[in-house]
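Protein chains in written order, with the working numbering: chain A, 1 to 609; chain B, 610 to 1187.
Rather than coming from a laboratory, the hints here were simulated on the basis of the structure. The C-beta atom is built at its ideal place from N, Cα and C for all residues, glycine as well. Treat the hints loosely; a few may be bogus.
Unchecked claim - Here are the simulated distance ranges between beta carbons: (1) Gln288/A / Ile636/B: 32 to 40 Å; (2) Pro337/A / Met776/B: 49 to 57 Å; (3) Val484/A / Ala828/B: 17 to 25 Å.
What the hints assert, rightly or not - Straight-line alpha carbon distances no greater than 27 Å define the calculated BS3-like cross-link-like pairs of lysine-lysine that follow: (4) Lys821/B / Lys118/A; (5) Lys1085/B / Lys564/A; (6) Lys209/A / Lys704/B; (7) Lys954/B / Lys226/A; (8) Lys421/A / Lys824/B; (9) Lys226/A / Lys1041/B; (10) Lys1085/B / Lys365/A; (11) Lys226/A / Lys1054/B; (12) Lys246/A / Lys622/B; (13) Lys236/A / Lys1096/B; (14) Lys226/A / Lys1096/B.
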Amino acid sequence: MHSPGKGHHDAAPVLKPKDAKSTLKRLWWYLSEHKSRLLLVFLLVTVTAVLTLLGPYLIGKAIDDYIIPRDFSGLFRLLLAMATIYALLSLSTWLQSRTMVNVAQVTIRNLRKDAFDKLETLPISFFDSRSRGDTMSRLTNDIDLINNALSSSLTQVFSSVVILLGTIAMMLWLSPLLTAISMITVPIMLVTTNAVSKRTRRYFSEQQKVLGILNGFAEENISGQKVVKAFVREAKEIERFETTNKELKNVGIKAQIYSGIMGPLMNVLNNIGFAIVALAGGWLAVQQVITVGTIAIFINYTRQFTRPLNELANQINIIQSAIASAERLFAIMDELPEPPDPPDAIELTNAQGDIEFQRVSFAYKPDEMVLEDISFHAYPGQTIALVGPTGAGKTSIINLLTRFYDPSSGSIFIDGYDIQKITRNSLRSSLGIVLQDTYLFSESVKENIRYGRLDATDEEVKAAARMANAEQFILSLPKGYDTVLSEDGGDLSQGQRQLLAIARAILADPAILILDEATSSVDTRTEQHIQEAMFKLMKGRTSFVIAHRLSTIRQADVILVINKGRIIEQGNHMQLLEQRGFYYNLYTSQFAHLPPEAETYETPTGAQL
Amino acid sequence: MEKLLSYLKPYWKPTLLAPILMLIEVICDLAQPTLLASIVDNGVAKGNLPYILSTGMLMLGIALIGMTGGMGCSIASSIASQNFGASLRSDVFRKIQSFSPFNIDRFQTSSLVNRLTNDITQLQMLVLMSLRIMVRAPLLFIGGIIMAISLNARLTLILAVSIPLLMVVLYYTMKRSMPLFVLMQQKLDRVNAVIRENLYGIRVVKAFVRAKHEKKRFATVNDELMHTTLRAFSLIITMMPTVMLIMNLSIVAVLWFGGWDINRGSMEVGKIIAFVNYITQILFSLMMIGGILLFISRASASVKRVNEVLDTEIDIKSVDKPDFTPLSSGEVAFENVSFGYGGDKNQLVLKGINFHASSGETIAILGATGSGKSTLVNLIPRFYDVTDGRVMVDKRDVRSIDLATLRSGIGIVPQDTILFSGTIKDNIRWGKEGATEEEIIEAAKIAQAHEFIMGFPEGYDTQLGQRGVNLSGGQKQRIAIARAIIKKPPILILDDSTSAVDVVTEQWIQKGLKQFMEGSTIFIIAQRISSVMDADKILVLNEGRIEAEGNHEELLKSSPLYQEIYSSQFGEGVTIDA
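Extracted from the complex, chain A is given alone in its bound form (with noise of 0.2 Å):
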């Protein structure tokens, strides 16, 4: 069905593939998986133009041979013939639409699976380097558009071009001269289309650029408003609002003014066309050149030559930008993934949890080092917190244990073993981690804990939420565990998330604990809550902390106060102090004006510890 808001479609900027030939040769590569069926549609398209075309010719050899004749015997037998051919027209349409669109939707299914597949392969530096913004577009937006070209353009590509050659085959095989005479319209078609259509182009690209601005600037307006109100602000962003506002209605009226003129402008042509026929048609069936019959078959002729063009014009605009998106898709398709494992490489069972950085570097870009010479140890068991300012390298560390990146120079070792030598998969088994920014699922609670262990029974999940002091709060929701969660978590506050992720990690049970701590916007008694529920965690675990609370700092076996990438001071609290350095600074810094009692004082949960 002819959508109504296609005009508006179709006249979508395009943007020209950069080559265009390795792109189509891939996207063959997936339409090649379907080869019988695509012969078929194109088998069918072209029975289907053929039909299309006999339509009109029997239209006039039925008023030729038969009416003017009254031959009644012999126009019900054409006319059953002609019922046949209608008949047979829509069922090949109904045949090749489907085909087409079956394998179309089955390739864009398998474009978007291996386009999703490849992303769970890429290392974290991709996600970290790249606007997620714009890999989302790719992989929805940009697959929509091919799935457009897919579904529709390539057979009407096709057939249009078909049908065009067919008409001018049978109008040249009717009447030459009448032809050439009914072509007259032609250039001055291709002439106009071009010249209407390339302004549509820019100005509705304009417009997309606009109402860009405009989107952006009533999000950020929106999301500030209480900043908006408190600094009544509200005249003023109306003002701003209505400068964009206005630019976008003037860019709107020329797009579609440029748009709209089209239909119009096709119009007169084919209705030019049309008179043109019938004058010059008269003159010739008076001349007797050519009979009535003929007039009407190429009046019928006319009409559908002007479709096709009209069609052409559009699809391939579609078609071009299809391309240009394939490649963007492409693009992504074709970064490195994480290096393989080394054939070698052993499976990490039952880590003990030893860890030994050796003579570390690390540098995300080539030439600022973040990590320099980082060497410490770890025995099973002990907790490491590292403390620094923002900015001084504690996470770059966690990025490398983790395998999320690896090191410039200097090597890791968990048991004995270089982390490079053992499978990904196996190392992050035995890591557990729980990050500052939790991230949540819009899934339901149960399956968010679950994500810790997939086999895990609902009485794990729900024991593994209990040790972490979660059930409270999650029973509290409307369904409890079977709450879904809102995008992110969003409904959730921070320390509640915080409080899930550390049941995840509960209940995946690792050897080894990577936890990030929370900072201040958590009150006082859910801070507790997450406390006691980490402790409990790191018992018997090695662990890493990025730590802020002083309780956390002081209870650690090892500090490592971390500056400017590089460890400068290591060693457990009274130890650091005694040194008088960088970490008994940063503590009297922040202390100096407390009372002398409270350094010492102890609450009744840091008694617990």
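Please arrange chain B on chain A, whose structure you already have, making use of the hints.
Chain B only, in chain A's frame:
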């Protein structure tokens, strides 16, 4: 719908002109087949060349008139629809600017943005199409039928069979496919959600080695989408050939019965050709109507969503004759204030709050998350209105003061720091229109922001936002403080606004504020006791009530809750982070 249609009123000229011009085009289109028929019947059959020539020229002339009508219609309808869209957008945006935070919370930002852009674009499109196709299709339909009847009324009876048949096909397809398309959209949303989750949660996926699980999850939703799409498409795919068949069979019927009429002498050959042409037009126009109906039903959702915004009752606005006297002393008093969201008396967030802040005092508010601290300060600039009691500023009820006047007298640094795209300078200048460079730098210095700002290559002209630099949380907070203090308002509210700033810097900020904001009343909400120790008065909030009130020394002696918070923080909760 009527309400939205009133937005077309100012543009009634192009709105009215468009259908009239369209009418011209349609009449011209309808005339062509009849003229052709007369060329065949009067010109060709009788060998009358001058007649053929004159009629042919007439056809050309009519085609040109038709074009003028068509182009005019498209210009008029573009002007009408885009102006309609722009003024509707403008009104919706203005309405949103008058929303209270409570109004906005109910809609959510992304939904409001969608309504403002996508939904209005849909409506604009609907107006445009209505002025073009909605006029054209029925006119072609009716005109075609009239012309067909005038050619041969008996033959038109064929349409009495095919039109109802077509309508049934259209109706059935639409009815069946609509829910499938909705379902398809939902499945597509699911696919996109899984992709989104894997982009943002990739660390969790990798840390738990769940790539295989995620691939399986994606394969499931992906397959579901494919199957739903195929089901939805299969209906549309079937409709087109069916409609074509009905149309073509009608033509066959016309040829048969028309042939008999010619035999009887009641019809001429040329008219059969014309008749076939009209039938094609009539049936095409029906399909256009079907398409438009499909679009209208989708757009009706947009109508509803836009109307919801326009019809929202603003719950906070100035009274009829507000007090325009600017704030001066900054004295604040809460008199027996209770508050529940949406005026809900059963779930009070604040209960019986009484306190008095004299001009120039610093008031700190302490308490657990959810104890009502932010809500309390939000009542002063009337982000929310009290459910009971009164909030007094300068000895006047805040509700009697003009909203803009009230808020102009209050500087606020909200809990979640919001900066806008633009330069750092622009952002600080938000606080005071036309502030000089010196004033901006002074405010930034007090907020301890000057140094890091100067560290950027472009200093105060550094761009923030999407294409600019990313500031750390602490840096953002400091710019927000500079923005709030630049005009030295009589009242300053700092809502947990130094949480990401280290303790040393925080103390510098507080020291600077004391001097700079001399005479202003300052409210500080904080989690850290160290941030509130120097306040003239500390309010300890617990479950919506003021549990204790006094300065640091007094509270340390008298309030068990304060003692508990104090000891928990200095025992273990202090952050040691630079």
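* Asked: Holds or violated: Lys226/A with Lys1054/B, Cα cutoff 27 Å?
  -> holds, 25 Å
* To do: Starting from Lys226/A, check that the Cα of Lys1096/B is at most 27 Å away, please.
  => At roughly 18 Å apart (the allowed maximum being 27 Å), Lys1096/B and Lys226/A satisfy the hint.
* **Proposed proximity, Lys1096/B with Lys236/A (alpha carbon, max 27 Å)** => With Cα atoms ~17 Å apart, Lys236/A and Lys1096/B stay inside 27 Å; holds.
* To do: Hint says 32 to 40 Å; check whether the CB-CB distance for Gln288/A and Ile636/B agrees.
  => Hint holds: Cβ distance 35 Å, inside 32 to 40 Å.
* Holds or violated: are the alpha carbons of Lys821/B and Lys118/A at most 27 Å from each other? -> Holds: Lys821/B and Lys118/A sit about 12 Å apart, inside 27 Å.
* Has the given pair, Lys1085/B with Lys564/A, been kept, meaning a C-alpha gap of at most 27 Å? -> This hinted pair holds, its Cα atoms lying about 23 Å apart.
* **Hinted pair Lys1085/B and Lys365/A, Cα distance within 27 Å** => Status holds; Cα separation ~26 Å.
* Pairwise hint evaluation, Lys824/B against Lys421/A, where the allowed Cα distance is 27 Å at most -> holds, 26 Å
* Using the Cβ atoms, figure out if Pro337/A sits within 49 to 57 Å of Met776/B. => Distance hint for Pro337/A, Met776/B holds at roughly 56 Å.
* Asked: Are the Cα positions of Lys954/B and Lys226/A separated by 27 Å at most?
  -> It holds: about 24 Å lies between the C-alpha atoms, which stays within 27 Å.
* Straight-line alpha-carbon gap Lys209/A to Lys704/B, limit 27 Å -> holds, 25 Å
* Could you grab the alpha-carbon distance between Lys226/A and Lys1041/B and see if it respects the 27 Å cut-off? => holds, 17 Å
Violated hints for the displayed structure: none, as all numbered hints are satisfied.
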